[in-house]
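Asks: In order, the protein sequences belong to chains A and L.
Mind the numbering: the first sequence is residues 1 to 285 in our numbering, read in order.
Mind the numbering: the second sequence is residues 286 to 677 in our numbering, read in order.
One or more of the hints may lead you astray.
What the hints assert, rightly or not - Straight line, CA to CA, 27 Å or less: simulated BS3-like cross-link-like pairs of lysine-lysine:
hint : chain 1 : residue 1 : chain 2 : residue 2
1    : L       : Lys378    : A       : Lys189
2    : A       : Lys63     : A       : Lys114
3    : L       : Lys474    : L       : Lys411
4    : L       : Lys474    : L       : Lys378
5    : L       : Lys474    : A       : Lys189
6    : L       : Lys471    : A       : Lys189
7    : L       : Lys407    : L       : Lys471
8    : L       : Lys471    : L       : Lys481
9    : L       : Lys590    : A       : Lys189
10   : L       : Lys407    : L       : Lys417
11   : A       : Lys189    : A       : Lys112
12   : L       : Lys378    : L       : Lys407
As the list claims (entries may be wrong) - Here chain A is said to cover these stretches of chain L; the calculated rule only asks that three of the stretch's residues, wherever they fall, bring their Cβ under 8 Å from a Cβ of chain A:
hint : segment
13   : 379-389
14   : 536-547
Said to hold, decoys possible - Taking beta-carbon pairs under 8 Å as the criterion, some of the chain L residues facing chain A (in silico):
hint : residue
15   : Pro375
16   : Gln477
17   : Ser594
18   : Ala595
19   : Ala599
20   : Phe616
No lab work stands behind these hints, which were simulated from the structure alone.
Glycine is no exception: its CB is placed at the ideal position from the N, C-alpha and C atoms.
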Amino acid sequence: MALDLNAPPPPRRQRKVRWLRVYSWLLIGYLTVPIAAMVIYSFNQVEGGIPQVSFTWNGFTTKWYQQWSEIPGLTDSFWLSIRLALAATAIATVLGTLLALALVRYSPRQFKGKGLIDQTLFMNIAAPEIVMGASLLGLFASLHFARGFVTLLLSHAVFSIAYVTVTVRARLTGFDGRLEEAAGDLGAKPLTTFWLVTLPLITPGVMAGALMAFALSLDDFVASNFVSGSQLPFPVWVYGATRIGIPPQVFVFGTFIFLFGLGCAVLSVVLARRQPTHGRVSTGL
Amino acid sequence: MVRLVANMLQRSSGPAETQTGNVVLQRVTKQFADHLAVDDLSLEIVAGEFLSLLGPSGCGKTTTLRMLGGFETPTSGTIYFGGQDVTDLPPHKRDVNTVFQSYALFPHLSVADNIAFGLRRKGQSKTEARAKVTDMLDLVDLAGLADRRPAALSGGQQQRVALARALVNQPTLLLLDEPMSALDAKLRKHMQIELKRIQQEVGITFLYVTHDQEEAMTMSDRIVVMQQGRIEDLGTPRSIYEHPGTAFVATFLGASNLMAVTALQHSGDLATISLGGGQHVSVDASALPPGVLAGDLSVGVRPEKISISAEGAAISPASNVLTGQVRVATFTGVGNQYLVATDAGGEFTVYAQNLGDAAAPRTGERVQLTWPIAHTFVVRSPKLSEESEATL
Numbered sequence: 001m002a003l004d005l006n007a008p009p010p011p012r013r014q015r016k017v018r019w020l021r022v023y024s025w026l027l028i029g030y031l032t033v034p035i036a037a038m039v040i041y042s043f044n045q046v047e048g049g050i051p052q053v054s055f056t057w058n059g060f061t062t063k064w065y066q067q068w069s070e071i072p073g074l075t076d077s078f079w080l081s082i083r084l085a086l087a088a089t090a091i092a093t094v095l096g097t098l099l100a101l102a103l104v105r106y107s108p109r110q111f112k113g114k115g116l117i118d119q120t121l122f123m124n125i126a127a128p129e130i131v132m133g134a135s136l137l138g139l140f141a142s143l144h145f146a147r148g149f150v151t152l153l154l155s156h157a158v159f160s161i162a163y164v165t166v167t168v169r170a171r172l173t174g175f176d177g178r179l180e181e182a183a184g185d186l187g188a189k190p191l192t193t194f195w196l197v198t199l200p201l202i203t204p205g206v207m208a209g210a211l212m213a214f215a216l217s218l219d220d221f222v223a224s225n226f227v228s229g230s231q232l233p234f235p236v237w238v239y240g241a242t243r244i245g246i247p248p249q250v251f252v253f254g255t256f257i258f259l260f261g262l263g264c265a266v267l268s269v270v271l272a273r274r275q276p277t278h279g280r281v282s283t284g285l
Numbered sequence: 286m287v288r289l290v291a292n293m294l295q296r297s298s299g300p301a302e303t304q305t306g307n308v309v310l311q312r313v314t315k316q317f318a319d320h321l322a323v324d325d326l327s328l329e330i331v332a333g334e335f336l337s338l339l340g341p342s343g344c345g346k347t348t349t350l351r352m353l354g355g356f357e358t359p360t361s362g363t364i365y366f367g368g369q370d371v372t373d374l375p376p377h378k379r380d381v382n383t384v385f386q387s388y389a390l391f392p393h394l395s396v397a398d399n400i401a402f403g404l405r406r407k408g409q410s411k412t413e414a415r416a417k418v419t420d421m422l423d424l425v426d427l428a429g430l431a432d433r434r435p436a437a438l439s440g441g442q443q444q445r446v447a448l449a450r451a452l453v454n455q456p457t458l459l460l461l462d463e464p465m466s467a468l469d470a471k472l473r474k475h476m477q478i479e480l481k482r483i484q485q486e487v488g489i490t491f492l493y494v495t496h497d498q499e500e501a502m503t504m505s506d507r508i509v510v511m512q513q514g515r516i517e518d519l520g521t522p523r524s525i526y527e528h529p530g531t532a533f534v535a536t537f538l539g540a541s542n543l544m545a546v547t548a549l550q551h552s553g554d555l556a557t558i559s560l561g562g563g564q565h566v567s568v569d570a571s572a573l574p575p576g577v578l579a580g581d582l583s584v585g586v587r588p589e590k591i592s593i594s595a596e597g598a599a600i601s602p603a604s605n606v607l608t609g610q611v612r613v614a615t616f617t618g619v620g621n622q623y624l625v626a627t628d629a630g631g632e633f634t635v636y637a638q639n640l641g642d643a644a645a646p647r648t649g650e651r652v653q654l655t656w657p658i659a660h661t662f663v664v665r666s667p668k669l670s671e672e673s674e675a676t677l
């Protein structure tokens, strides 16, 4: 039988991936329910006595948002956590980025301790935090080092450096070394090359590392609980409050932090969209 | 090699000597952990010339370029720019610019910022730099693309930005590391002519590294053929094509028919060379490498220099003749290509231009191959030429 080569092709059925959709929505639900509950119950009325969160719906109110700073200990601990996270991020980002540069740039022959540092980084990430917290506490105590902001900062910076290094290193691995050679070729001194070429190109990795350090510091409980002394960061304060009841403002702060994170995520998507790989950009020379 | 010495003499007596911008590599060696990349190489690059380093991959040509750029330090030897020893100077202190194989354009900067990068590092103001960038964009035919990012350009455009970025600094020496390897064949042809035009226009010394012999021939004033970290041959494209110094050059640069010499007899200005099967060819006595035994020599001729005709046809004077039988005859459009089994043993490749002759020889026919004595060259036999000292 002769085939009619000019016959219109029969429509082909697209394979449906129905279960993938169901799975995706279930997963999204599972991941967002705890956050949704927190946001919703931050608008919940509380009946009688000392206000504390309850998961019985008593009616809508924005009272906790109006009185967000009414609990002095909570507000202080929140700002302490923010200051701590910013400082720890700054330290961990600078040290972690420089370490990543050294690890990628130099061969084991040029960089004697390279293998040891690699192992140390891995150990730092893999070690249970409870071990690190207890060890830090012992260390500070035996050195008679007063616990407070400095001990918190040192601890947070320590566990963040490895994450920054790993993130920046991933970005650097795809980095074309010829770009630095080209900058040198065009008369840029090594430090100029770093500021004008290397750093701008690894900035996404550095930013990702910094965000991770910030998040790790902001919600750290285990190590902070050991080394906080009288200075209570937000998670440690909230944990302490569970014994007498969590004030509704905790959910308000929780919502703030969530919205801040969401804002960062949206911003990064918008920036990534605007980053033109095609088309024109306006630059002064 | 006689001709290498001749080349040097020609250069030192020419106008080049008065130039102060010559770049000299003196007995430069680069030893990497596992291999010797450049082996005692000496070379003088004349100011204003277009010089190509040509050779197969791994011959040391890119390492030589990288030492000139300051990206590698020689294990031994000295590099001079206009008399100044620059061997240990880092790239940013050298008056050299490079067009990288991958272009290495800064992806986060616009075309204009890429080109202005070198000028800004020399402390020129934005306004000064901008004027030069505009001129440079005109030169490389990219006006109007100043604000684009490199990723928004085609390969050919990127290549021209890389060229502009290097040229705008008006270096003593411009290094080009296989800059056309990423372009398609048609664009490459166009860029070869374009590059030659630009080089003549700006008058800067170009050192062009390539493994493409046709590219080297099209653009270069002189070509350095490299193999295994050494210079095999050096000269104008015509001189090294017509009279290759070694068997390697004869086969790497275009094609050659080479045959082992069994005996050699001088007779005045000519030397008679005996081949296998009782066949003889003649060669200019001056073309013989001195002090080499006949048994170590090969005689050669380029395939396009040979006329092919039916056996017994009239022979023009001052020609060499070999007889043989056509093994394979192929039609390539612009011509016919033959593989002929000669009576001297060995096979000859012959290119005959398509002049519309109907009586082209066919497979199996007896033919005679003739070519002018002047187009016959003699080189050391391949297996020995590797050991020969081709150093300057």
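Asks: It remains to establish, for every hint, whether it holds in the given structure.
Replies: Now the hints, each set against the structure:
1. L:Lys378 to A:Lys189: Distance of about 9 Å is within 27 Å: holds.
2. A:Lys63 to A:Lys114: Cα-Cα ~56 Å, so violated.
3. L:Lys474 to L:Lys411: The given pair, whose Cα atoms are some 35 Å apart, is violated under the 27 Å limit.
4. L:Lys474 to L:Lys378: At roughly 34 Å apart (the allowed maximum being 27 Å), lysine 378 (chain L) and lysine 474 (chain L) break the hint.
5. L:Lys474 to A:Lys189: The hint is violated at about 37 Å.
6. L:Lys471 to A:Lys189: Judged against 27 Å, a Cα distance of about 39 Å means the pair is violated.
7. L:Lys407 to L:Lys471: With a Cα-Cα distance of about 37 Å, the restraint between lysine 407 (chain L) and lysine 471 (chain L) is violated, given a limit of 27 Å.
8. L:Lys471 to L:Lys481: With a Cα-Cα distance of about 16 Å, the restraint between lysine 471 (chain L) and lysine 481 (chain L) holds, given a limit of 27 Å.
9. L:Lys590 to A:Lys189: violated (55 Å)
10. L:Lys407 to L:Lys417: With a Cα-Cα distance of about 13 Å, the restraint between lysine 407 (chain L) and lysine 417 (chain L) holds, given a limit of 27 Å.
11. A:Lys189 to A:Lys112: Holds. Lysine 189 (chain A) to lysine 112 (chain A) sits at ~26 Å (cutoff 27 Å).
12. L:Lys378 to L:Lys407: holds (11 Å)
13. 379-389: holds (count 6)
14. 536-547: violated (count 0)
15. Pro375: holds (7 Å)
16. Gln477: violated (23 Å)
17. Ser594: At 51 Å from the nearest chain A Cβ, serine 594 (chain L) fails the 8 Å test, so the hint is violated.
18. Ala595: violated (51 Å)
19. Ala599: Check failed: Cβ of alanine 599 (chain L) comes no nearer than 59 Å to chain A, outside 8 Å.
20. Phe616: violated (34 Å)
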